[in-house]
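Numbering (numbering that gives the first Met the number 0) for the sequence shown: 0 to 156.
I should point out that these hints are in silico values taken from the structure, not numbers from a laboratory. Every residue gets a Cβ at the ideal spot worked out from N, C-alpha and C, and that includes glycine. Fair warning: there could be bad hints in the mix.
Claimed, not checked - Cβ pair distances, simulated, as ranges:
1. Thr-110 <-> Glu-43: 31 to 37 Å
2. Thr-145 <-> Pro-67: 35 to 41 Å
3. Gly-147 <-> Ala-69: 33 to 39 Å
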Amino acid sequence: MTAPGDGSRLRIGVVSDTHGLLPPAALAAFEGVDLVLHAGDVGEESVIEELSAVAPVTAVAGNMDCAPLAHALPAAATVDIGVCRALVVHQRGHAPRPLPDGVRLVVTGHTHRAVVRESDGVLFVNPGSVSRPSGGPGTVALVDVTDGRLSARIVEL
Numbered sequence: 000m001t002a003p004g005d006g007s008r009l010r011i012g013v014v015s016d017t018h019g020l021l022p023p024a025a026l027a028a029f030e031g032v033d034l035v036l037h038a039g040d041v042g043e044e045s046v047i048e049e050l051s052a053v054a055p056v057t058a059v060a061g062n063m064d065c066a067p068l069a070h071a072l073p074a075a076a077t078v079d080i081g082v083c084r085a086l087v088v089h090q091r092g093h094a095p096r097p098l099p100d101g102v103r104l105v106v107t108g109h110t111h112r113a114v115v116r117e118s119d120g121v122l123f124v125n126p127g128s129v130s131r132p133s134g135g136p137g138t139v140a141l142v143d144v145t146d147g148r149l150s151a152r153i154v155e156l
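Sequences are here, hints too, so could you generate the full structure?
So, in structure tokens, the structure goes:
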């Protein structure tokens with residue numbers, strides 16, 4: 000999939016571990032995004048439908064997703080985001096090594112802990128969980144791609 004827009008400036012909403020619940024604050028945080036990436040444990044098809052009303056969605060299956068949703072979603076997805084690519088997997092350990100060519104953003108979930116870090120020119124983003132946060136409020140992430148540069152921040156709901 001290719002993200003919409005001309006690639007010089009994109010804003011991406013990142014969410015994971017919704018477990019069937021998508022609070023209105025998450026949708027509000029994603030106002031104006033060009034793309035939404037969901038890193039698994041979606042829980043219900045309705046979550047993807049709600050997110051799709053905001054922007055195109057790329058989602059992967061998580062370990063808690065059940066049929067038929069789990070069978071409809073891939074285990075991993077790669078998305079072109081301007082001059083680079085994003086890889087979305089539920090668990091970081093499921094990301095292939097080495098990473099596919101051009102991947103500079105890796106989106107994961109599973110831990111319910113929000114983390115943004117960079118390693119060897121790759122930005123790793125785990126948005127935490129909106130429905131079952133670990134030790135704090137629900138969270139999502141926003142990733143900005145501007146002229147090939149990536150930055151991310153965690154948004155508390």
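The hints, checked one at a time:
1. Between Thr-110 and Glu-43, the C-beta spacing of about 21 Å breaks the proposed range 31 to 37 Å.
2. Remark: the range hint 35 to 41 Å for Thr-145 to Pro-67 is upheld by a beta-carbon distance near 38 Å.
3. For Gly-147 and Ala-69, the hinted distance range of 33 to 39 Å is satisfied, since their beta carbons lie about 35 Å from each other.
The structure fails to meet hint 1 from the earlier list, while all remaining hints are met.
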